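2 protein chains.
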Amino acid sequence: MKRYDLIVIGSGPGGYIAAQRAGNLGKSVLLIEADALGGVCTNHGCIPTKSLLGGAKLYKHALSGAQFGLEVDGARFNYNQASAHKDETVKTLRSGIEFLMKSAKVDVIFGHAQVLDEHTVEVNKERYGCDYLILATGSSSLVPPIKGSTLPHVLTSTEILALSEAPESLVVIGGGVIGIEFASFFSMIGTKVTVIEMMDEILPMADGEFAKLLRRELKGVDFHLGCKVEEIDAKHVHYTTKAGDRKSIEARMVLLSVGRKPNTAGFEALPLFIERGGVVVNDRMQTNLPTVYAVGDVNGKSLLAHSASRMAEVAVSNIFGSKQMRMRYDAIPWAVYSSPEVAGCGLTEAEANKRGLPIKSQTVQMRASGRFLAEEGKRAGGLVKVIAHRDSGAIVGIHLLGSYASEIIWGAAAIIEAELRVQDVKEIVFPHPSVNELIKDACFALDASV
Amino acid sequence: MKRYDLIVIGSGPGGYIAAQRAGNLGKSVLLIEADALGGVCTNHGCIPTKSLLGGAKLYKHALSGAQFGLEVDGARFNYNQASAHKDETVKTLRSGIEFLMKSAKVDVIFGHAQVLDEHTVEVNKERYGCDYLILATGSSSLVPPIKGSTLPHVLTSTEILALSEAPESLVVIGGGVIGIEFASFFSMIGTKVTVIEMMDEILPMADGEFAKLLRRELKGVDFHLGCKVEEIDAKHVHYTTKAGDRKSIEARMVLLSVGRKPNTAGFEALPLFIERGGVVVNDRMQTNLPTVYAVGDVNGKSLLAHSASRMAEVAVSNIFGSKQMRMRYDAIPWAVYSSPEVAGCGLTEAEANKRGLPIKSQTVQMRASGRFLAEEGKRAGGLVKVIAHRDSGAIVGIHLLGSYASEIIWGAAAIIEAELRVQDVKEIVFPHPSVNELIKDACFALDASV
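Protein chains in written order, with the numbering used here: chain A, 168 to 617; chain V, 168 to 617.
These are computed hints drawn from the structure, not numbers from a lab.
Don't take every hint at face value.
Note that identical chains are pooled: a pair holds if it fits in a single copy or bridges any two copies.
To be verified - With a straight-line Cα cutoff of 30 Å, these simulated DSBU-like cross-link-like pairs (lysine-lysine) come out:
(1) K269 / K527
(2) K227 / K272
(3) K269 / K395
(4) K379 / K527
(5) K414 / K527
(6) K258 / K527
(7) K194 / K379
(8) K395 / K521
(9) K227 / K169
(10) K490 / K395
(11) K545 / K490
This structure is a prediction, so every number in the text was calculated from the model and none was measured.
Make the full structure from the sequences, and use the hints.
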């Protein structure tokens, strides 16, 4: 039986980063993948959606550029070409991960892993031994127990990525990140899109003001909030409104994006603590079994690709490294790559209030930015909000809606991670003209002293 | 004679920010402007160029979107419409500054200021007294002493913004930020563009590797480096190559972008120290006259809008505020809004070497980013470089070429200002997929420990 310092099960942004970091420390590592390198993120999530959204944004801009001087005779979105580009992007990135694994001298085996005990894993009928085990098996789309949810035109996010043409109409069930990105994509390319969300607002991690504005900016999308889907049939989605009325919407296609569940199949032999479906871990990513760690969606702590990667680093640090890294959840940025984009890092006002944190906050309209005005025009909506501790001035949250949000937000993660205060941010020189400089404006509005 | 706590001369990003910050502290402020509120930046610089570049980028994307699924029958750039949008953007932002001045209770007078002594300024034949004076008069395009440089088709950056149609061909003399942005703009909309630069490389503040890649990515632009323009006539620009050969290029239009000179007219009565044309200041922005400060281009220290704004804050802090702020130049970001964009903050490798700083550096290709690959395709060029102190790991420079560079770079300013080290950046969670996360990849490549 071949023995490794570390076996990692699952090669998504949790698993492959764990394997790479450990390999680069000189450890012997086996990475086991049941599907394709890169996991859901690379193959059925982050990357293919961003490829499609990129093309759709170009199409939207081509149609709406007249005020900026762009004249177009006729524009079409070629779904097959966009899809081919998406597939090529995924393939290139998979090769990239393959290359990283080779560089880090990580062995890779494709097959379903069955954990026999804390130090033994079986795959393709072979057994492999290890000192440490990292579970990084990710999550799967939740298919809710709704009548009709397994009909052929009712798709998960993985299935909808395999379409060869855009549906005429689409009902998206669930207004979280995945639902909203697909709603934005299909709406940009001409599909009639309706989102049905059970909660009173979309995007639960977003500041309420931002979620509301996003709904307004997603002009082609109809939203039904506080509504419960009762049944799906061949042509309709039937739902109950908050007031108790029964209604239905015609839908050629339905996307189920109501949530995801951790993948724990294969761990049955391990006496793991599992709560609400996720493997329980401490802030070192260690499970109740001292040599077994769990990173990424499988622990249910933060279902984001970059959270998984960070957890992987924390796990490897605590197994083979400095043992100093701890997982913190207060400075994890998130982004929705809709058009317009939304992004945030840290607390919303509602979350801060719930924690009893005394805060001050300032919202600035994006049209106060010369760059935003120059590139988006004065009718475009956009917001920046900075939330700080009322007394210390420590920045606890930054939220963005509008152009470049997803690429601006990392600086907020840096600021919150470094525990900078409003008065520190005022010392930072922001480039002009930019959208990001509105963060500085918000800080000066919170505290005018110099 | 009406007296103020502060008189500010010039309402660009140095002057209006100084007036606003002081006004918001409850001080009585008079702001004097000879032209239009906002100065060169708002009226003839940053803002109008970004408006035009925004439209041109849409046009470029419309023409080059086929691989991403965008099909366009025919596309044209409507110069008049782009120009009208530019003018509207400028007007909106001017009104914005007017509003800010009202909110901060700043008096504004239009006219040429003549400083009579350190506490008296004359404008429109009226005299005004002040305790403190901030000079924020900016700079003007340098017209080099070249034969033909005053011919009607030879324009400064201010004049070229007033065109009503694109020239068939354009020779840009000077490959600094201004020259490169116009070269990129006109090249995108179909003008045949040539850049003649006296130095061996364009963009002196950029890392050499980045400037070189930008030249390659600006596919429609011809570059002649190390060349000295000798004479301009009605149809040609004549220049001498590095090897000493005399050559000439046909040009319907010529842009002079060889540099800018501080505007010191009106200060003749003040015994100011002036060096290389700029008003000498200390790190509090104070001139040799204790109650007179000089911020922005007029002191020649850093000819960037946001540097001027920061200097304004430093000046007001030292006059009326905490007196704690000092001007530092090591964490000032810069951005070139060409297509592709280039941005940087801190030192280049060459600058670090010149200072004798022991460094380590890591360059990452942007195509290692899933987002970049998804949105730009695998043939697009792009780079990220992180430079750190070899021993302490302190980040001393971050450089970017490629999409979102100008909106990513503020985080680099935050990191360098907060004196974070490579090991600190590795603790920051970057959003995935993003271009900015390559900064983290570069940091892990510099130091693989966890």
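Right, here's what the structure says about each hint:
{"no.": "1", "hint": "K269 / K527", "result": "between (50 Å within a copy, 25 Å between copies)"}
{"no.": "2", "hint": "K227 / K272", "result": "neither (44 Å within a copy, 42 Å between copies)"}
{"no.": "3", "hint": "K269 / K395", "result": "neither (48 Å within a copy, 50 Å between copies)"}
{"no.": "4", "hint": "K379 / K527", "result": "within (21 Å within a copy, 46 Å between copies)"}
{"no.": "5", "hint": "K414 / K527", "result": "neither (42 Å within a copy, 64 Å between copies)"}
{"no.": "6", "hint": "K258 / K527", "result": "neither (46 Å within a copy, 33 Å between copies)"}
{"no.": "7", "hint": "K194 / K379", "result": "neither (49 Å within a copy, 39 Å between copies)"}
{"no.": "8", "hint": "K395 / K521", "result": "within (26 Å within a copy, 66 Å between copies)"}
{"no.": "9", "hint": "K227 / K169", "result": "neither (54 Å within a copy, 55 Å between copies)"}
{"no.": "10", "hint": "K490 / K395", "result": "neither (46 Å within a copy, 59 Å between copies)"}
{"no.": "11", "hint": "K545 / K490", "result": "neither (51 Å within a copy, 38 Å between copies)"}
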